[in-house]
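Engineer: Residue numbers (my numbering), protein chains in the order written: chain Z, 1 to 264; chain Y, 1001 to 1398; chain V, 2001 to 2323.
It is possible that part of the hints are untrue.
Cross-link-like lysine-lysine pairs, in silico, DSBU-like; alpha carbons within 30 Å at most [as the list claims (entries may be wrong)]: (1) V:K2295 with Y:K1363; (2) Y:K1194 with V:K2312; (3) Y:K1185 with V:K2295.
In short, the hints are calculated from the structure, not lab data.
In case you want the letters, here they are:
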Amino acid sequence: MTTALFEARGVTKRFGGLTALHQVDFVLDRGIASIIGPNGAGKTTLFNIFTGLYAADEGGVAFQGRPLLGLRPDQITALGVCRTFQNIRLFANMTALENVLVGMHARIGLRVWDVLARAPRFRQTEAALQARAVALLERVGLRGDPNAVARNLPYGDQRRLEIARALAAGPALLLLDEPTAGMTQGEAGELMGLLRALVADLGLALILIEHNMRVVMEVSDRVTVLDHGEKIAEGPPREVQADPRVIEAYLGAAARQRRPRAAR
Amino acid sequence: MTRAALAIGLIAVSAWAVATFPRSILVFLLFQGSLLHAYLAPIPRWLRVALLAAALLVLMPVIGAYNGYYLEVATQVGIFVALALGLNIVVGLAGLLDLGYVAFFAVGAYSWAIFGSPHANLIFGGGFPLAAGWFWAFLVVGLLVAAGAGVLLGLPVLRLRGDYLAIVTLGFGEVIRVLANNLDKPINITNGPKGITPISRPPVPFDVSYAEAFYFLVLAIVGVVILVNRRLEDSHVGRAWEAIREDELAAQAMGVPLVRSKLLAFACGASFAGVMGVVFSAKQVFINPESFTFLESIGVLAMVILGGMGSIPGAVVGATVVTVLNLQVLKGLSLWLNELKNAGVTVFGLSLADLPTQLEPAKYERMIFGMILVLMMIFRPQGIFPVRRRARELAGKS
Amino acid sequence: MDLPLLIGIFPQVLLDGLILGFMYALIALGYTMVYGVLEFINFAHSEIFIVGAFVGVEILLGLKGAGWLESLPWPLVLLLLLVAAMAVSGLLAAAVERVAYRPLRSAPRLIPLISAIGVSFFLQDLIRLVESVWRNAFNLVYPTLDGLNHRFELTETLDVSVKSLVVIVAALAMLWVLHMLVNRTKIGTAVRAVAEDQAAASLVGIDVNRIISLTFLIGGAMGGAAGVLFGVQYGLINPYSGFIPGLKAFTAAVLGGIGNIPGAMVGGIVLGLLEAFAASYLGLLTGGAFGAEYKDIFAFSVLILILVFRPKGLLGEIVRERA
Chain Z
1 MTTALFEARG VTKRFGGLTA LHQVDFVLDR GIASIIGPNG AGKTTLFNIF
51 TGLYAADEGG VAFQGRPLLG LRPDQITALG VCRTFQNIRL FANMTALENV
101 LVGMHARIGL RVWDVLARAP RFRQTEAALQ ARAVALLERV GLRGDPNAVA
151 RNLPYGDQRR LEIARALAAG PALLLLDEPT AGMTQGEAGE LMGLLRALVA
201 DLGLALILIE HNMRVVMEVS DRVTVLDHGE KIAEGPPREV QADPRVIEAY
251 LGAAARQRRP RAAR
Chain Y
1001 MTRAALAIGL IAVSAWAVAT FPRSILVFLL FQGSLLHAYL APIPRWLRVA
1051 LLAAALLVLM PVIGAYNGYY LEVATQVGIF VALALGLNIV VGLAGLLDLG
1101 YVAFFAVGAY SWAIFGSPHA NLIFGGGFPL AAGWFWAFLV VGLLVAAGAG
1151 VLLGLPVLRL RGDYLAIVTL GFGEVIRVLA NNLDKPINIT NGPKGITPIS
1201 RPPVPFDVSY AEAFYFLVLA IVGVVILVNR RLEDSHVGRA WEAIREDELA
1251 AQAMGVPLVR SKLLAFACGA SFAGVMGVVF SAKQVFINPE SFTFLESIGV
1301 LAMVILGGMG SIPGAVVGAT VVTVLNLQVL KGLSLWLNEL KNAGVTVFGL
1351 SLADLPTQLE PAKYERMIFG MILVLMMIFR PQGIFPVRRR ARELAGKS
Chain V
2001 MDLPLLIGIF PQVLLDGLIL GFMYALIALG YTMVYGVLEF INFAHSEIFI
2051 VGAFVGVEIL LGLKGAGWLE SLPWPLVLLL LLVAAMAVSG LLAAAVERVA
2101 YRPLRSAPRL IPLISAIGVS FFLQDLIRLV ESVWRNAFNL VYPTLDGLNH
2151 RFELTETLDV SVKSLVVIVA ALAMLWVLHM LVNRTKIGTA VRAVAEDQAA
2201 ASLVGIDVNR IISLTFLIGG AMGGAAGVLF GVQYGLINPY SGFIPGLKAF
2251 TAAVLGGIGN IPGAMVGGIV LGLLEAFAAS YLGLLTGGAF GAEYKDIFAF
2301 SVLILILVFR PKGLLGEIVR ERA
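The following block holds chain Z by itself, in its conformation from the complex:
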């Protein structure tokens, strides 16, 4: 048996008395997996555990067979797992290009000495980084000026820039937290095309958290449904869509929308 690219077993996370995640298993080898679920189901918490922002109370996460437990977020990124954020977290006062360059930080082999001496090695590396950054921005389809300050970019460009920044870290696994949030259906479709191309061209594995069901059904190879911190269904999109427990979780949540929710 070969080890999966990414594997999480029995992940449990409590905040005080609240159990945000309970015994969640998640395995991904290739392609695009989506995690869906009502608000407060624990999706982002799961991402935070995958990327080392939170420590799981129980269970473990492994990437390419290597346990991620106890590693810092930057170390996990260096191993090849990178992410975007639900509420875009760009470096607002830096240019688009600089944002992408920061994403490459873990892959830069220069020492402080090289920087201070401005060795030829430094110049070559910087030039190469910059060329790669420009290529990445083109790849994600940034429409605005790469030298524009990030906070001045239009919303769609900010989402794209965040993906470019995460790609800059050279990940084998990319975690996208609601990448199409706030986008029109047209923009979302375009983005899905990009994600599919990334998987096809770079062999990237993707995990999406997504609310846009059309997107989820269209691009996902597999869908995982979380509700109240537990995995209630998993499988190909069509099957999951028809699962009565999933319907109950969504419709139930819709029907009891005004119910005060503990798990926030």
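The hints should help you fit chains Y and V onto chain Z, whose structure is shown.
Structural biologist: Relative to chain Z, chains Y and V alone:
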């Protein structure tokens, strides 16, 4: 063309004016203004460099020959420019509010003061002061000791949230000052409030005066500091610092190791202060803990804020303005007021001689620093010379 | 080592530590209330505190100049000082918030902190300017109130002055009033609501700006009262003498868990005791190698250690991390 002529003309006229009226503060301010104008004016780069080099390398020492005080002011400005540039890395680039920055200056200053004076005999028995030539080695020692102190302080505290970090560094600065004040027993390390003197000066080549030698030394160090600053800023190191300042969590998620990057920022900032500390102690010949108070830390902070956090020209201009305000304008006002008092001038029927003796403009540094900090935060948080984002040449794009 | 001496001075040191501790507790309230509501270190609070001391000394000097000081009963004078100082310091704190902090409320958190440091420095020299024009003085001495200086000799090595008792009683009374105000009144509920969640508080009809002003007013008034007690107890003040007690009171607030009102009191007393014992015993225990002059280092080291190892303080905090 006209702008170039204007820039040259301004520098020439103000330099001539300084030489002609060697006691006027106003004309010296005019000279400084002409340098700033040359820096900002839309003139060719080679001309700008040539003008500034000529002004700093030739005109300033000549002015100093007419009035030594101006050279002293220029040297002081240089020292504070280096300090401001060091703090600029920590506060401006990495976004870590360090309120005890002057402690690193103190560490550098005391390292040469102790070994470059007979004082070390009290600790080690004999053989001190070290030969004056050791001064050069101590520039490196001061750098390393201060950087080490930066790392030692940084290791436990850099995980703290921004405002807690500020208070801890403030506490650290106070601890260093109180130690300097009290470590005259059980072993006399700092000689307490009495301070250490005489501290050796470096050997001076040719027949340059000490004042000129220190001016050039400080100028050279400032040059190196600016170079180092620019290279760091324009590299992955500087980008990592700025990313941490913008969003620590996102920076970490993008692969920036937080503690290592912050430690590097602390150590870099501290090392500049350490080097300048060594120079300062030699220049002053005498140091005591009074030079390393919280007030000084805030003064340097005010320079960085005034110029613009993260901006190198900002730090230079901020340091110049604040130092000149303190050394010249406030002291000048004090002198002027005293002259008016002694002359028995009356204003609106009030004899100035009746003004309270406690009223001395020179002592109101805190008011100046305070006003700078508050007004800048409210009206212009980006400073007077905000960072200009570098637009990069994009390959393959017009 | 002189054991009987060490034991003999113990009660006096304890008492001194308590007085100091209550002083810190009163000042710490200003830091902790503001932090609890805004997650903001009001660096200028040390000057708000010392302004109270200056109001007190000005009134005393005024009364003395008019020749009324001897004829008025000392409790009345003290009450007058406290009320005036609380009013001035409270209003000053609220005004500072309005001018220098409110415009920066949505800015990154270091921005208002830098502004607060600026206000602190500005106020120091503003007081200096006023005092040098008005009295041509830098240091001011509190005129003595005879009734306050009466001392009770409890034992051979322990005596208590009336003013020490007054400090403790006044501090306790004010802490009690504050406790009632925050926990038993509508205003207190509103303050706690704003501390919990500003947006939600404004949704239920609380005027958030007013409550924040009020928080500064109350914290400032406590600081002003502490200023008067400080002046009465220690006698000598200058425009810069608020800084170190302010920093220590902040330490006390952190020690007790910043944002936590009872915590400020506990932290103040713990720090006061620690400092008093350090000041008295360090020299005796180390044979004079390290003396009372290290008491400041002691307090700052406590500050650094607490922030590094237990930033939530001894009693925990009510502050949430802003993502």
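Engineer: A separate judgement is required for each hint: does it hold in the structure or not?
Structural biologist: Comparing the hints with the structure gives:
Taking the CA atoms of K2295 of chain V and K1363 of chain Y, the gap is about 28 Å. The hint holds against a cut of 30 Å. Using a Cα cut-off of 30 Å, the hinted pair K1194 of chain Y and K2312 of chain V is violated, with the two alpha carbons roughly 40 Å apart. The suggested pairing of K1185 of chain Y with K2295 of chain V holds, with an alpha-carbon distance near 15 Å, which does not exceed 30 Å.
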